[in-house]
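Student: Each chain is listed here by its residues.
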Amino acid sequence: MKKNYKYLGILSVIITFSIWFTITADGLALVRPFIFPSPRQVLYAIINIRDIIPLDIVYTLTRLIIGFSFGAILGVIIGLLMSYNKIINAILDPIVESIRPVPVIAMIPFLIMWFGIGEAGKIFLITLGVFAIIVVSTLEAVKNVPKIYIRAAKTLGASNNQIFRTIIIPGMLPGLIGPLRVATALSFTLVVAAEFMGAQKGIGYRIMEARRLFYTDVILLNVILITILAAVADRLVRAITDYLTRWSERN
Amino acid sequence: MNDFIITLNNLDIEFKTDNQVIKVLDKINLDVKKNEFICIMGVSGCGKTTLLNAIAGFIEIYNGEILLKGNKIEGPGPDRAVVFQDDAVFPWMSVEDNISYSHRVTKTYNDEAKDAVEKYIKLVGLQDFKKAWPKQLSGGMRKRVDLARGFAAEPEVLLMDEPFGALDIITKEKLQEELYNLWVNNPRTIIFITHDVEEAIFLGDRVILLTPRPGKIDLVIEPNLKNNRDMSVKSESVFFENVKKIRSRLKKH
Numbered sequence: 001m002k003k004n005y006k007y008l009g010i011l012s013v014i015i016t017f018s019i020w021f022t023i024t025a026d027g028l029a030l031v032r033p034f035i036f037p038s039p040r041q042v043l044y045a046i047i048n049i050r051d052i053i054p055l056d057i058v059y060t061l062t063r064l065i066i067g068f069s070f071g072a073i074l075g076v077i078i079g080l081l082m083s084y085n086k087i088i089n090a091i092l093d094p095i096v097e098s099i100r101p102v103p104v105i106a107m108i109p110f111l112i113m114w115f116g117i118g119e120a121g122k123i124f125l126i127t128l129g130v131f132a133i134i135v136v137s138t139l140e141a142v143k144n145v146p147k148i149y150i151r152a153a154k155t156l157g158a159s160n161n162q163i164f165r166t167i168i169i170p171g172m173l174p175g176l177i178g179p180l181r182v183a184t185a186l187s188f189t190l191v192v193a194a195e196f197m198g199a200q201k202g203i204g205y206r207i208m209e210a211r212r213l214f215y216t217d218v219i220l221l222n223v224i225l226i227t228i229l230a231a232v233a234d235r236l237v238r239a240i241t242d243y244l245t246r247w248s249e250r251n
Numbered sequence: 252m253n254d255f256i257i258t259l260n261n262l263d264i265e266f267k268t269d270n271q272v273i274k275v276l277d278k279i280n281l282d283v284k285k286n287e288f289i290c291i292m293g294v295s296g297c298g299k300t301t302l303l304n305a306i307a308g309f310i311e312i313y314n315g316e317i318l319l320k321g322n323k324i325e326g327p328g329p330d331r332a333v334v335f336q337d338d339a340v341f342p343w344m345s346v347e348d349n350i351s352y353s354h355r356v357t358k359t360y361n362d363e364a365k366d367a368v369e370k371y372i373k374l375v376g377l378q379d380f381k382k383a384w385p386k387q388l389s390g391g392m393r394k395r396v397d398l399a400r401g402f403a404a405e406p407e408v409l410l411m412d413e414p415f416g417a418l419d420i421i422t423k424e425k426l427q428e429e430l431y432n433l434w435v436n437n438p439r440t441i442i443f444i445t446h447d448v449e450e451a452i453f454l455g456d457r458v459i460l461l462t463p464r465p466g467k468i469d470l471v472i473e474p475n476l477k478n479n480r481d482m483s484v485k486s487e488s489v490f491f492e493n494v495k496k497i498r499s500r501l502k503k504h
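So the protein lines, in turn, are chains G and B.
In this text, residue positions in the first sequence follow the numbering used here: the first is 1, and each later residue adds one.
In this text, residue positions in the second sequence follow the numbering used here: the first is 252, and each later residue adds one.
For the record, the hints were derived by calculation from the structure and aren't laboratory data.
Incorrect hints may have been included.
What the hints assert, rightly or not - 25 Å max Cα-Cα, derived BS3-like pairs, lysine-lysine:
no.: 1; chain 1: G; residue 1: Lys147; chain 2: B; residue 2: Lys386
no.: 2; chain 1: B; residue 1: Lys386; chain 2: G; residue 2: Lys143
no.: 3; chain 1: B; residue 1: Lys503; chain 2: B; residue 2: Lys477
no.: 4; chain 1: B; residue 1: Lys267; chain 2: G; residue 2: Lys147
no.: 5; chain 1: B; residue 1: Lys423; chain 2: B; residue 2: Lys467
no.: 6; chain 1: G; residue 1: Lys147; chain 2: B; residue 2: Lys365
Full structure from sequences and hints, please.
Tutor: Below, the structure is given as structure tokens:
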């Protein structure tokens, strides 16, 4: 049964590619190649810009990894501090709650004014977006650690600090997996948006440059590229979090 | 002062809701001797779990006092480890790490403690599962981890809140025997809450029956079953006599 489903998946990929081939085929001319490039054009685009692709990937991923790491680490730390201490929570909760609903992309003009078009603004944009997701998710994940474990740890002699280290932190991990995956996907959107606002290199910059020059095949190639990177990153995040929660019933 | 491990003096507990005060426990007096196995039973809602939670230090008492070796208790602590009805085995720790948890957090995990942990792992038959995650164990095996963890903490008194309440009858009786043997070979003061008459009589040196809410001590019996007992004792007349005593009293509740 499972095997059949796998074949279905492969079949749907083949059909999708066939449709792409067909509608962009030279003879049929159903869609103008300029509007939607054919697979052959994308292939040529790879050959044409093969020298700049690796460096674009390096730039984009570097910004993404730095921004994501800052946002995730800061989000977890602030979230933990807020759940650990009522005073910290009272001070930070209104701030967190008020920045959380802000669509970070709307902040781009300010970020350009504050940081120029250098690296800091781009990284800050990603950090902000990831932080907003992770800080709230950390608070929720801590709340969802079953109270019975905390009670049991208390009667076995654990101090508050030990409960935090040995019960809360491992217990909240399963609740952070979903949010981490969402944040990873969001960082790919944000890094491209950040590179749109001005950069010398990177996949988002390459797309903007190609748009100005009407190289739609290069645009499509870079869209495919960033999609593949996002999918690989998602697999990686899943592999890491699955390992960290290998004790959990969900695995 | 005295030789009692736990002393309850005129213990009253009340819960306040928005517009009323509910009296849960009413003037409970009880002295628990060292290494005694006390079973506390009563109908649902009689306050037996509240009593256990008060001794564990989870709830405030309203009147009276709870003494541990003559000293007033303050909050939960490792001198009063609890085995809960619900599964409280930490799922992110191996069987061994669960059972050694108390020693590890109280920084007493020396060679002697390591031997003790090893011993309890063997006594509950989990030596082949030392490194296993709890999710790989059955419900009965997880309960054994919980029991071993409680014994390994070496508390002054081990509190058990209907620990076998969620298990099937076969596993339950097996664990009753195992707990009895564990206690005989590793004497410890145990306060065991249950609503199962047979369980209380099989395990307890003393069985204390509470009245419906507000819980007062209604009846205290000492089953005086033979030593080295197993489930077969449940078909002996002395066992029935004890069951009858409690059942006839429960009818009035």
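Student: Determine for every hint whether it applies to the structure shown.
Tutor: Here is what the structure says about each hint:
1. Lys147(G) / Lys386(B): Cα-Cα ~19 Å, so holds.
2. Lys386(B) / Lys143(G): holds (22 Å)
3. Lys503(B) / Lys477(B): This hinted pair is violated, its Cα atoms lying about 29 Å apart.
4. Lys267(B) / Lys147(G): holds (22 Å)
5. Lys423(B) / Lys467(B): Measuring from Cα to Cα gives roughly 28 Å; hence the hint is violated.
6. Lys147(G) / Lys365(B): violated (28 Å)
The structure fails to meet hints 3, 5, 6 from the earlier list, while all remaining hints are met.
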